[in-house]
Amino acid sequence: MCSAAKLTICFGLLLIMSKVGSVAARFKSIDYEISGRVQGVCFRMYTEDQARKLGVVGWVRNTRRGTVEGQVQGKEELVNLMKNWLSKVGSPSSRIDRAHFSNEKEISKMDFSNFTTRY
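For the sequence shown, counting from 1, position 17 maps to 17 in my numbering; every step adds exactly one.
Read the hints as simulated data drawn from the structure, not as lab findings. Every residue gets a Cβ at the ideal spot worked out from N, C-alpha and C, and that includes glycine. Warning: the hint list may mix true and false statements.
Taking CB as the label site, the calculated pair distances span [to be verified]:
no.: 1; residue 1: Asn-114; residue 2: Asn-80; range: 27 to 37 Å
no.: 2; residue 1: Gln-39; residue 2: Asn-84; range: 17 to 27 Å
no.: 3; residue 1: Gly-66; residue 2: Ser-108; range: 19 to 29 Å
no.: 4; residue 1: Arg-118; residue 2: Gly-55; range: 11 to 21 Å
Once the Cα atoms are required to be at most 30 Å apart in a straight line, the calculated DSBU-like pairs of lysine-lysine come out as [unchecked claim]:
no.: 5; residue 1: Lys-109; residue 2: Lys-88
no.: 6; residue 1: Lys-105; residue 2: Lys-83
no.: 7; residue 1: Lys-75; residue 2: Lys-109
no.: 8; residue 1: Lys-88; residue 2: Lys-75
no.: 9; residue 1: Lys-83; residue 2: Lys-109
no.: 10; residue 1: Lys-75; residue 2: Lys-53
no.: 11; residue 1: Lys-53; residue 2: Lys-88
no.: 12; residue 1: Lys-105; residue 2: Lys-88
no.: 13; residue 1: Lys-109; residue 2: Lys-53
no.: 14; residue 1: Lys-105; residue 2: Lys-53
no.: 15; residue 1: Lys-75; residue 2: Lys-105
no.: 16; residue 1: Lys-53; residue 2: Lys-83
Construct all of the structure, not just a fragment, from the sequences and the given hints.
Below, the structure is given as C-alpha cells:
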C-alpha cells in the first residue's frame, strides 16, 4: 500500500502537470465493480471521501451480489488515480479480490456535479 505522504505528493504532481501544457482538459468516464470483502466495511463511505478529495464525480452502491459498483468521471489523470485507489486501497477493513473496470471512454462533459452514494 502507498503511504498517505506518497499519495499526497503524487496527487500534487498530477495537479501541476494537468495545469501546465494542457490546452483542453480531457475528461474520462469509467464504470467499476469491486469484489471481495467490500460490504459492511465502510467501503462506500471511503470511496465517496476519496472521490471528493480527488475532485472526481459519480456514484457508488452495494449490489445484491455482495460487490460494490459505480461510475467515476473527471480529468483523465484523476480518474486514473481513483481507479488505482479502488483496485489497491479501499477502506481500511476491506479486502479487494478483484476490480473490474468497463465502459472506459473519453467524454466531453461530466454527467454528475458531485460524488454520491446510491441506495
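Problem - Numbered hints the structure breaks, given as an ascending list - result: Numbers 1 and 3 - these are the hints that the structure violates, sorted from lowest upward.
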